[in-house]
Amino acid sequence: MDNILSILIFFPAFAGVLGFIVDKNSARAYGISVASIEFLLAVWLWMSFDGSNGSMQFVEMLPLVPDFGISYYLGVDGISLFIVVMATLMILLGMIGMSIEKDIKNMIISLLFLEMTMVGVFLALDAVIFYLFWELSLVPMLYIIGAWGGPKRVYASIKFFLYTFIGSLIMLVGMLFLAYLYHDVTGTWSFAITDWYALVLPIETQIWLFIAFFFGFAIKVPMFPFHTWLPYAHGQAPTIGSVILAAVLLKMGTYGFIRFSLPILPDASVYMITPVAILALIMVVYTAMIAYAQKDMKQVIAYSSVSHMGIIMLGVFAMNSEGISGSIFLMLSHGVVSGALFMLVGVIYDRRHTKMMSEFGGLASIMPKYAVIFGIMLMASVGLPLTIGFVGEFLVLLGFYNISPIMTIIAGSTIILGAVYMLSLYKKTFFGEVTNDENKGLKDLNSREMYSLVPLVLIVVWLGVYPKPILEPIDNSVKSLVSFMDKKAQTQEAKDIIVSPKKEEGK
Amino acid sequence: MIGLNEYLILSGILFSIGLVGVLRRKNLLMLFFATEIMLNSANIAFAAISGHYGDLSGQMFAFFIIAVAASEVAVGLGLLIVLYKKQGTLDLDNLAVMKG
Amino acid sequence: MENLLYIALFAPLVGSLFAALFGMTPKNLITGFVTSGLLFISWLASVLLLIHVLSHGTVSANMMEWIGAGDLTIDFGFAVDAITAVMMVVVTTVSTVVHIYSIGYMDHDKGFNRFFSYLSAFVFSMMILVMSDNFAGLFIGWEGVGVCSWLLIGFWYHKADVGTDVNPSISPSWAANEAFIMNRIADLGMLVGIFLIYWNVGSLNYNVFFDAIPSLDNGLLTSIGIALFIGAMGKSAQFPLHTWLADAMEGPTPVSALIHAATMVTAGVYLVIRANPLYDAIPNVAIFIAYLGTFVAIFAASMALVNRDLKRIIAYSTLSQLGYMFAAAGLGAYWVALFHLAAHAFFKALLFLGAGNVMHAMHDELDIFKMGGLKKVMGGTYLYMGLASLALAGIFPLAGFFSKDTILEVAINEDTYIIWFTLWVTAGLTAFYSFRQVFLTFSGNERYKEIGAHPHEMPTFVLVAMAPLAILAVIFGFFMEPFNEFVTTILPSYEMSHETHHIAWFFIIITTLIALSGIFYAYKKYASGLIRDKELESSFVYRLLTNQYYIPALYNNVIAKPYKEISDMLWNKVDMKIVDTTVDGIAHFFFNNGDRTRRMQSGNLSHYLNWMGFGAVALMLFAVIASMIG
Amino acid sequence: MEQIAFYIFSVLTIGLFLVTVLSSNVLYAMTSLAAGMVIISGLFFLVGADFLGVVQLVVYVGAIMALYSFGMMFFDATKDIKEKNTNSYLVFALGGMIAVMFVVIFSAPVIGENIQATYFVTGATNPQAVGLILFTKYLIPFEVAAIMLLVAMIAGIILAGKKMDDSLTTRDENHEEDTTFGLKDEK
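Residue numbers (this note's numbering), protein chains in the order written: chain A, 213 to 719; chain B, 275 to 374; chain C, 670 to 1299; chain D, 26 to 212.
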């Protein structure tokens, strides 16, 4: 299986094309089996991945346009590996839990194409390939929101598409300029990210490039003030769309920062810590407050996503391996937890066709299993120790404390504000008397929903208690990344701030 | 002695006359005439430059322009005839079917 | 010995998971028995560990690595030393009793199995909290008990919200959320402390940190001390984060006995005791802790004076006793604080369980003005509550006498007369409100008949189950000397000066006197029945105290409501009106421009030609200018 | 001598073309255009492009103008063309500006004298030289031009010859779809 990465990327797309000839009634089964095979492939990749090696593995390289150094260049390291595994898992579970009946075949095919693009983004090591998958991922998502969404779906999907598209165009300019600079310096063209790593640029150029990349990534994350597409997209998207959007698509942004901005532009990244951190803090606190003001359950979770993404951003810019490892782990945990929360909201939406909290109350008495799973996910979301949410949040805050104690304390308010909006959501929905007669006859989770949610609960607990199998490979890759940045940084300021781990230096 | 500049100025004047025709006339046939004027003005410039430098490439271009003009007239007139049969007029103001 | 440690730790977890299996099925007595049995095993293991530690010193175990990133390594490491052993025995003793008691108390509740699951999960978290050998493990337990307390306070989640005039805690779920959020505020402080320790010491292990203290900067130590103490303040409900504790009484009474009296709320005290090398190094913070504790002692006692809610009175007294513990710890007498913690756990749990009996008998009526004369029907409970109240008031020879008296002695010894005087007055107040409650409940005219209640005593096995606590409340004080010797193997010993020894008898007498006079006053006023004094009840001070100094109202008006309003404003005004409208505005700008320029597409070819002319002019101008500049 | 010829020719062409552009009678316009073409060929002779001048005469005056005259048989050429002219100042201004700019652009490299002759032919008369270059360097464009002319011829025949008998303006509304070429009026 030398070409495991290519198989991982193109298998779902291939299966998606074949999906056109599958009968409508068996489309769901087909989709689930394809997604399971894909997930197993991803797990196989994980199993054969050498966790103690921090560099790229399973590298594939096939020159496409040699004159301009564009090649089909794939590779995986600890940073991308688990995001890929999580993406395939969330697609699988999302499909299992999906309740859509309308045009199910199209939905399955879109999801499989989406899976290709997502896996492609995280495995690409060539900027052109990366950009290709990055943009392609918008198309299936546009279709999913636009075709199966709520009443304002067209507005939401167009906004999502145009907004993120504009950002990535600016990023493209940055990439082309970077390739041009590479050509200027070395005399050859290359779009390989690993080649770009070796490029040492003057700080002013770095800052301009950083800003160009920043727009592309920040809109995707989405950072304040570029976040307004997200509530609309989540509000209108079908459950599966929200799950994938929150679990995987948002991670592309933060992943981009780690893959591009940090190692290519270490000095500029250090230089920009304060402005980025301020935006991230605004994200954390401001959206947490907005989440508290929401009346729609799904919007609460959508805004809470933004708030958590703020913490991830802080971790990325902690410039030490505790913070960056933590933020990658938090990406995974946020993917699992927010995905699960969106599925849970989908469950109640399927039953009542409303997501307004005022319509509910006392659900814990009627739907105990639902309440329990929701409760566990809620606790993971507020970062309770021994759940998956704590590990990442703790590491991120710990890491960022080294940059700025004051900012960390402000960011730490997420554990308070997060508790405020999540608990008030839980109280309004699950506690109290059952006042609405329509709720009295609601059925608890059925087996299909249990199959999709219970694995997530197990993951939440397992990785909360024993995160090592995942954290260690991540950390090894991050350590080599941080040491690399430390070596590459030119300004003394950057060298001071980037803390390369002592264990790595000893080697 | 007439220098190159005089020819170029003449060419420019003729071109602008053609252009004024193109911009001003509403009758399609007249537009064709104006286009011919513009093509010819270009030909003058080409020929003049060619003569000035003793390089025949300019004349070659002029030949091709003439060829293009000839084919343009052939096709264009055919179209005009069809259009006239259909609309009964060649006035541009009556042909506003491309309104966006 | 490691196995014993793991048994003590994981037995409650096993019990909790077992009960959770039955969580959604109707009541099944087996969950009660299995969890109680497993807790008994845990208790047994704790006692054996205590004996082992007594002779062999600290037992430690490292289960596995939990988090490793960068240079940070956090293990699931456990260490049982003298402090931990004491805490473990206290926790398991009280929780075993509470479990058995709950089998009777929760008899008719639909959530019987669920209750035991939560309760055992709480014990597990508490065990992690006390057994961990590092701050991260402590934090696991710290948050774990917070969640269990959230679950248990909100146990009767189906009750709807009511106004504060009907029920000051609004509803169980409201109280649960309040408790959780208040605790989280404090946890942030604790996290900051942990970060500071990591970045300056490089490890979160207690021993590594304590060894590094001499080499650390004093300012840094002060910040660490303050940050950790903020964490302790939340969990131990110290002012200004105290309001949640009284509201937490919405939970079932066994929960109040276990969590909100005996164990969880003492976690803060445990933390200060555990971090004694730190607080020894920063006397300024330590003395602040002592003063704050003293303030809370009298502050809470004053609120207990006028309250009519049986459980809230006990909750305030818990708060007040926690203040005593902090005062002792802050003054450097860590072992005294630990001793008071243990003694308090026993008699306060007993008091709460007694209150539970009364509540059960009165069909969840908690207003002591509507009780009275219950001693005829509930002799056993009367005895227990009387004993516990005597212990609380600090009457010889009960446990409270020894611990409280030593704290007062410490205050004298440290020459902090303000602390001594305040605590002395508080002792009198404590005696008064405890017996006010006892007499109003058990003596005098039988006012319960007016509300048509038919009180009855609890089943005998419940009363028997409470006996160990009663016995401990009586005899625990006599173990003070061995206790001192045992815990000072870890804690710094605290010796009274010679002078203090000389005059100690005098202070013992005046402390006992004020306690006795408090009891006597309560007897005179309430033993024969309730005579309501309208004038007193409408006075300003009385209203101030019944409204908890208006602090909950203040929090509601100054923090909760503005927070909600600002959130709404941010959403409706800022996010929707400013941020989103800007984005949409950019889109509209392009759209409108496109819409306007669309009119260029008139379909008239000659117009197009004109535009083409314009374009040509513009382009050529551009070319000419560019070539001139370039 | 050359100067006199140039100025006469220039004035004549400008005048004739102005007539073409400004006249409202198609016949006048066409006649003056044809005359202008003839005089332009004179200009070609002046610059020494003899062969081009001849081609100009043959193609433009002989072929194209003949084509126009035949084409005009289909239209009603006798009546004056009525045109609404709006804003003709703008038109003249635009035309003038473009003319100025063309002159500037064309003459800039000449003035800068940075043009180099690449196909410099000496020792041959103009038609010979033209032939030499046209059939060596420009052979392929020449052939392409030939094909283009062929295609144009076929296109012209088909377009003009299609259903020569019936007038499309009087056709039935029902059959409109077949022949509208998408040029449908908004109704």
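Honestly, the hints are just simulated from the structure, not real lab data. Small disclaimer: the values here were computed from a predicted structure and weren't measured. Keep in mind that the hints are not guaranteed to be accurate.
Unchecked claim - Below, in silico cross-link-like pairs of lysine-lysine (DSS-like), each with a Cα-Cα straight-line distance of 30 Å or less:
| hint | chain 1 | residue 1 | chain 2 | residue 2 |
| --- | --- | --- | --- | --- |
| 1 | C | Lys1246 | A | Lys655 |
| 2 | C | Lys1242 | A | Lys640 |
| 3 | A | Lys680 | A | Lys699 |
| 4 | C | Lys1203 | A | Lys507 |
| 5 | C | Lys1193 | A | Lys639 |
| 6 | A | Lys314 | A | Lys714 |
| 7 | A | Lys714 | A | Lys680 |
| 8 | A | Lys640 | C | Lys1193 |
| 9 | A | Lys640 | C | Lys1039 |
| 10 | A | Lys640 | A | Lys700 |
| 11 | C | Lys1246 | A | Lys364 |
| 12 | C | Lys1039 | C | Lys1230 |
| 13 | A | Lys640 | A | Lys581 |
| 14 | A | Lys640 | C | Lys1246 |
| 15 | A | Lys639 | A | Lys507 |
| 16 | A | Lys581 | C | Lys1246 |
| 17 | A | Lys581 | A | Lys655 |
| 18 | A | Lys655 | C | Lys828 |
Said to hold, decoys possible - Output of the computed footprint for chain D on chain B, the stretches with three or more beta carbons under 8 Å from beta carbons of chain D:
| hint | segment |
| --- | --- |
| 19 | 277-283 |
| 20 | 291-303 |
| 21 | 315-325 |
| 22 | 330-341 |
| 23 | 346-358 |
For every residue, glycine included, the Cβ atom is placed at its ideal position computed from N, Cα and C.
Comparing the hints with the structure gives:
1. This hinted pair does not check out: C:Lys1246 and A:Lys655 have alpha carbons roughly 39 Å apart, beyond 30 Å.
2. Taking the CA atoms of C:Lys1242 and A:Lys640, the gap is near 24 Å; set against the 30 Å cutoff, the hint holds.
3. A C-alpha spacing of about 27 Å is found between A:Lys680 and A:Lys699, which places the hinted pair at or below 30 Å, so the restraint holds.
4. Between C:Lys1203 and A:Lys507 the CA atoms are separated by roughly 46 Å; this puts the pair beyond 30 Å, and the hint is violated.
5. Restraint check: the Cα-Cα separation between C:Lys1193 and A:Lys639 comes to about 46 Å, which exceeds 30 Å; the hinted pair is violated.
6. Taken as a hint, the A:Lys314 and A:Lys714 pair is broken in the structure, with Cα atoms around 56 Å apart against an allowance of 30 Å.
7. For the given pair, A:Lys714 sits about 19 Å from A:Lys680 by alpha-carbon distance, which is consistent with the 30 Å threshold.
8. Under the criterion of a C-alpha separation no larger than 30 Å, the hint pairing A:Lys640 with C:Lys1193 is inconsistent with the structure, at around 48 Å.
9. Among the hinted pairs, A:Lys640 with C:Lys1039 is inconsistent with the structure: their alpha-carbon atoms are about 33 Å apart, more than 30 Å.
10. Using a Cα cut-off of 30 Å, the hinted pair A:Lys640 and A:Lys700 is violated, with the two alpha carbons roughly 52 Å apart.
11. Between C:Lys1246 and A:Lys364 the alpha-carbon distance is near 18 Å, which keeps this suggested pair within the 30 Å criterion.
12. For the given pair, C:Lys1039 sits about 34 Å from C:Lys1230 by alpha-carbon distance, which is inconsistent with the 30 Å threshold.
13. Using a Cα cut-off of 30 Å, the hinted pair A:Lys640 and A:Lys581 holds, with the two alpha carbons roughly 17 Å apart.
14. Restraint check: the Cα-Cα separation between A:Lys640 and C:Lys1246 comes to about 27 Å, which is no more than 30 Å; the hinted pair holds.
15. The suggested pairing of A:Lys639 with A:Lys507 holds, with an alpha-carbon distance near 13 Å, which does not exceed 30 Å.
16. A hinted pair counts as satisfied when its Cα atoms are at most 30 Å apart, and A:Lys581 with C:Lys1246 does not qualify at roughly 39 Å.
17. For the hint pairing A:Lys581 with A:Lys655, the CA-to-CA distance comes to about 10 Å; that is within 30 Å, so the pair holds.
18. Restraint check for A:Lys655 and C:Lys828: satisfied, since their Cα atoms lie roughly 22 Å apart, inside the 30 Å limit.
19. Counting residues of the segment 277-283 of chain B whose beta carbon lies closer than 8 Å to any beta carbon of chain D gives 6, which meets the minimum of three for the stated coverage.
20. Taking a C-beta to C-beta cut-off of 8 Å, the segment 291-303 of chain B contributes 11 residues in contact with chain D, enough for the three needed, and the coverage statement holds.
21. With 8 residues having a Cβ less than 8 Å from any Cβ of chain D, the segment 315-325 of chain B passes the three-residue criterion, so the hint holds.
22. Evaluation of the coverage hint for the segment 330-341 of chain B: fulfilled, as 9 residues show C-beta separations to chain D shorter than 8 Å, against a requirement of three.
23. Chain D is given as covering the segment 346-358 of chain B, and this holds because 12 residues of the stretch bring a CB closer than 8 Å to a CB of that chain, at least three being needed.
Checked against the numbered hints above, the structure violates hints 1, 4, 5, 6, 8, 9, 10, 12, 16; every other hint is satisfied.
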